[in-house]
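Visitor: Sequence:
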Amino acid sequence: MKSLMIFIGIYASITAVLSIECYDCESMSDPRCNQYFEPEGVKQTDCDDGDMPEYLHKYERRIKATGCLTKVHEGLDGRRYYIRRACYYGDPENTVEACETPDSYIPFVNIISCTVCTEDLCNVNAELNGGHHAMDYFSKLTLVVATVAALILNNV
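Sequential numbering from 1 applies to the sequence shown in my numbering.
No lab work stands behind these hints, which were simulated from the structure alone.
None of the values given here were measured: they were computed from a predicted structure.
Quick reminder that beta carbons are idealized off the backbone N, C-alpha and C, glycines included.
Check each hint, because a few of them may be wrong.
[To be verified] Quick list of the computed label-pair ranges, beta carbon to beta carbon:
#1 Arg79 <-> Leu121: 20 to 28 Å
#2 Asp51 <-> Asp91: 15 to 23 Å
#3 Asp46 <-> Asn110: 27 to 35 Å
#4 Lys64 <-> Gln44: 12 to 20 Å
#5 Tyr55 <-> Ser19: 30 to 38 Å
#6 Glu100 <-> Gly50: 16 to 24 Å
#7 Gly41 <-> Glu93: 30 to 38 Å
#8 Asp48 <-> Arg79: 27 to 35 Å
Taking the hints into account, I'd like the entire structure generated from these sequences.
Guide: Have a look at this one:
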């Protein structure tokens with residue numbers, strides 16, 4: 001019982017300390033970033049070292065990067081879609097602010113989908129059908145471990 005609690009504590013500490021790495025591109029200036037994403041040579045960002053999006057500066061403190069964001073907008077200049085891949089800051093379960101904030105490059109174009117994932121370099125797929133959140137296996141595993149820990153603690 002005690003070893004399980006130690007394992008859970010170590011697991012929680014490691015996941016809290018590690019930063020996430022995401023692809024960082026937009027399809028207007030980098031055609032590899034489009035719906036047929038080609039990750040080779042695309043910029044990868046350690047999100048803890050990256051700049052937070054402008055809309056988060058109102059909080060006057062650094063918000064921890066917790067995931068990778070993929071936003072798909074209607075296209076411009078004869079392109080079918082405009083896609084941005086970047087770091088995501090904040091609660092991955094509450095993506096409303098990030099998804100509804102207009103993109104600084106194309107603030108007037110309608111958004112088609114917005115997804116957040118929480119594993120390194122997970123923002124490869126672009127939902128082209130209106131998806132608004134994707135929870136990956138790492139998040140589900142964390143949720144299961146936290147639930148089991150809570151049940152064990154209640155029975156101690």
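Visitor: State the violated hints by number, sorted upward, taking the hints as numbered earlier in the document.
Guide: Of the numbered hints, just 5 does not hold.
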